[in-house]
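Q: These are the residues of each chain, in order.
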Amino acid sequence: MKPKFQMDAAAYTALMQGMNEQYFVEKKGNLLDFRLYYDDLWLADTAVVDVVHRSKGEWAVDLIFANIHNPLKFIRRYITSHPCPKRAAQKAEFMRRLAAKDQRGTLIVSIQSLEMCQN
Amino acid sequence: MYNTKQKILEASVRLFNENGIDSVRLQQIAEEVGISVGNLAYHYKNKEAIIESVYEQVFEEFDQIFRNYLAAPTLHDFDNQVTNFYHFFTRNHFYLSEFFKASLTKSPQLQQWQTYVVKMMIQLRSRIQFFVMNGLMLPATQPGQYEQLAEQIWMSLVFYIPKCNMIGQPLELAHYKKSVWNLVQPHFTSEGTSEYTSTILPQLH
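First to last, the sequence lines map onto chains C and B.
Each residue of the first sequence is one higher than the last, beginning at 1 in the UniProt record's numbering.
Each residue of the second sequence is one higher than the last, beginning at 1 in the UniProt record's numbering.
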């Protein structure tokens with residue numbers, strides 16, 4: 001007979017306890033929580049900024065999509081990584097140009113519009 | 001898919017239940033299915049292979065009952081599980097006689113049974129814990145009180161059917177359920193009692 005996956009009694013007891021608790025811990029979410037899945041029109045009006053940084057021994061390329069009307073509304077996504085920094089920067093440039101809505105880069109985000117407190 | 005293999009397994013379970021695993025011969029199984037022994041040998045090379053497949057199927061059924069644990073936080077959910085146990089144990093009671101054999105060495109299948117039985121006990125214990133957390137059952141007044149209750153419920157679930165067979169009593173689902181609920185009932189809170197009276201009690205008559 002093929003050996004089946006076995007869980008020892010202590011682990012199974014803990015699992016059961018977790019299942020018991022989920023009825024008291026987990027709360028039902030709101031429909032609005034799914035808004036970010038369907039309400040993504042704002043992504044059409046975003047400036048794309050590339051960021052190259054060290055991550056896990058490589059140079060990772062992240063892209064930041066920031067709304068041009070409200071720069072606080074942004075998402076950051078990891079795109080790719082490369083062991084060589086120059087190549088990573090080059091990739092970042094390509095990826096940014098590929099992702100940006102305007103290839104000429106007319107949509108910009110000004111640091112001033114963030115209204116950061118300098119104190 | 002309802003094929004010959006499935007028919008063979010069903011007939012084997014039926015015969016194992018009636019006569020015990022040891023006294024069933026391949027000839028009998030073939031006759032029960034309505035095929036030749038040669039055809040039977042095509043599907044399963046020997047009796048051990050049949051026994052192995054039968055146990056695999058039985059464990060899968062047992063797993064299915066465990067998977068339905070706490071699908072809903074109600075007494076009715078437990079009632080459903082008890083019903084499933086009833087159908088399961090009435091269909092497959094041949095394993096019990098295997099446990100009472102004189103030989104001390106246990107086959108891998110019987111060892112597997114033991115792990116399932118332990119699992120069943122743990123589930124019952126945590127079910128009681130859940131009812132206490134949910135406010136349907138009173139908190140334990142003595143340490144180990146509900147562990148003992150879980151063991152009693154387990155005994156009722158497993159040995160009710162052999163008991164009925166032994167004393168020649170007809171098997172009834174309502175009686176089976178009652179034997180379990182009567183153990184749990186004295187520990188209900190007022191909330192538990194009202195849920196029991198409205199959802200479970202009408203089914204027991």
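One thing to keep in mind: the hints can contain errors.
[As the list claims (entries may be wrong)] In the DSS-like style, the derived pairs of lysine-lysine whose C-alpha atoms are separated by at most 30 angstroms in a straight line are:
#1 Lys119/B x Lys27/C
#2 Lys7/B x Lys4/C
#3 Lys106/B x Lys178/B
It is worth saying that the hints were derived from the structure and are not from the lab.
Note that this is a predicted model, so its numbers are computed, not measured.
Q: Hints first: check each against the structure and report whether it holds.
A: Against the structure, the hints:
1. Pair hint Lys119/B plus Lys27/C holds up; C-alpha atoms about 28 angstroms apart against a cutoff of 30 angstroms.
2. Of the supplied pair hints, the one linking Lys7/B and Lys4/C holds, its CA atoms being roughly 25 angstroms apart against a limit of 30 angstroms.
3. Of the supplied pair hints, the one linking Lys106/B and Lys178/B is violated, its CA atoms being roughly 34 angstroms apart against a limit of 30 angstroms.
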